[in-house]
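**Q** Sequence:
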Amino acid sequence: MTLPIHEFETTRPEFPTRLPGTDADVLMWADPREVEPAALAQLRNIGALPWVVGVRVMPDVHLGKGATVGSVIAMSQAVAPAAVGVDIGCGMAAVRTSLRLDDLPDDLHPLRVAIERAVPVGFAGHQVPVDPTGLGMPRADFPAEGWARFWTGFDQLDQRVADQAKKARSQLGTLGGGNHFIELCSDDEGALWVMLHSGSRGIGNLLAQAHIETARALPHNADLPDRDLAVFLAGTPEMDAYRRDLFWAQDYALRNRAVMMALVQGVVGGWFRERGLAIDWGQTVQCHHNYVAEESYDGIDVLVTRKGAIRAGAGDLGLIPGSMGTGSYVVRGLGNEASYCSASHGAGRRMSRNAARKRFTAEDLAAQTAGVECRKDAGVVDEIPAAYKDLDAVIAAQSDLVEVVARLSTLLCVKG
191 MTLPIHEFET TRPEFPTRLP GTDADVLMWA DPREVEPAAL AQLRNIGALP
241 WVVGVRVMPD VHLGKGATVG SVIAMSQAVA PAAVGVDIGC GMAAVRTSLR
291 LDDLPDDLHP LRVAIERAVP VGFAGHQVPV DPTGLGMPRA DFPAEGWARF
341 WTGFDQLDQR VADQAKKARS QLGTLGGGNH FIELCSDDEG ALWVMLHSGS
391 RGIGNLLAQA HIETARALPH NADLPDRDLA VFLAGTPEMD AYRRDLFWAQ
441 DYALRNRAVM MALVQGVVGG WFRERGLAID WGQTVQCHHN YVAEESYDGI
491 DVLVTRKGAI RAGAGDLGLI PGSMGTGSYV VRGLGNEASY CSASHGAGRR
541 MSRNAARKRF TAEDLAAQTA GVECRKDAGV VDEIPAAYKD LDAVIAAQSD
591 LVEVVARLST LLCVKG
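Numbering (my numbering), first residue to last: 191 to 606.
Simulated from the structure, these hints should not be mistaken for lab results.
A hint or two may mislead.
Capping the alpha-carbon separation at 30 Å, the derived lysine-lysine pairs in DSSO-like fashion look like this [said to hold, decoys possible]:
no., residue 1, residue 2
1, K255, K357
2, K548, K566
3, K356, K255
Given only the sequences and the hints, what does the whole structure look like? Please build it.
**A** Written out as structure tokens, the structure is:
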């Protein structure tokens with residue numbers, strides 16, 4: 191491992207620090223005193239599972255269903271569906287444009303409306319499913335024959351989602367709700383970026399829920415401290431079925447973001463062309479932050495689940511967003527094996543959605559998103575910046591995990 195482990199003391203700990211109150215290999219890039227007690231208890235439950243090799247806790251950690259958001263869990267011959275999360279394959283995509291901050295008009299509201307017309311948000315889908323082959327997406331990444339094979343794979347999924355084929359097709363290239371977003375941002379050099387955050391939509395959620403239900407009923411999970419931490423064991427039909435559906439959903443999430451990005455690029459490109467400005471697009475950065483990968487550490491082959499965490503292998507480009515109005519970071523991984531080559535997926539919530547709705551008003555949201563073209567109504571108060579941790583502090587806590595490539599400031603934000 192590349193870093194020393196610092197025991198928790200009365201002063202602010204250096205990172206990583208060992209989770210107090212457990213003998214399990216649980217290392218934190220967060221101050222345990224600043225993490226909600228329920229999340230710490232959840233981490234202890236995870237670390238005590240007999241299949242767990244180690245747990246790594248990111249600085250955006252907070253309470254989740256079964257497993258904490260912001261946790262990286264390495265298991266031997268087992269995987270817990272709740273350690274992936276119900277939005278399988280959720281992640282980020284961003285692309286740098288040739289546009290400059292000076293190219294923007296004073297009023298970005300018409301552009302936000304145009305994006306919202308092209309990309310359904312919330313529970314909605316496209317009235318007519320998108321034909322991805324007509325969007326000009328890179329053929330090397332998404333060949334036409336690949337799309338045919340992908341949709342054929344739907345027929346092999348768990349029969350509990352067999353009636354969802356039409357909805358899955360209509361939701362391809364859609365945003366969803368919650369913390370998902372589409373943004374236009376500027377970096378410190380004045381270049382404009384398009385960024386978005388979404389996952390596997392309704393089909394991924396249903397697949398995750400179905401397999402969590404299956405895992406909870408298995409005899410070897412009967413005595414777990416939290417039944418939502420139920421696992422599948424390698425070499426069993428249940429594990430094979432879950433991994434089949436998991437990898438399909440991860441692929442769906444990747445394709446969903448790619449289609450959505452193509453739609454947004456079409457809107458943004460057309461909007462600026464009408465104003466006499468052509469756009470060149472850079473390479474798209476893509477990263478999952480709810481997924482499973484086969485990896486090896488200290489000579490041990492493990493199944494690594496990242497729930498609210500990105501891979502930060504040496505040279506890996508990643509995206510760490512904040513919240514409405516606070517901007518984001520483009521980062522490059524440092525390949526720190528002490529963290530299982532991982533980093534945070536965002537700022538992380540510091541209060542629940544219900545707590546945010548009770549505490550803040552639409553007026554508070556408008557004040558905290560001043561200067562950003564976005565919704566400022568009661569329907570998205572739970573996404574107010576004050577409900578999230580300080581993004582700069584989260585980035586500073588993982589300086590041994592990633593290096594900053596660019597700091598992005600939010601100019602326009604589309605929310606479900």
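**Q** What hints, given by number in increasing order, does this structure fail?
**A** Violated: none.
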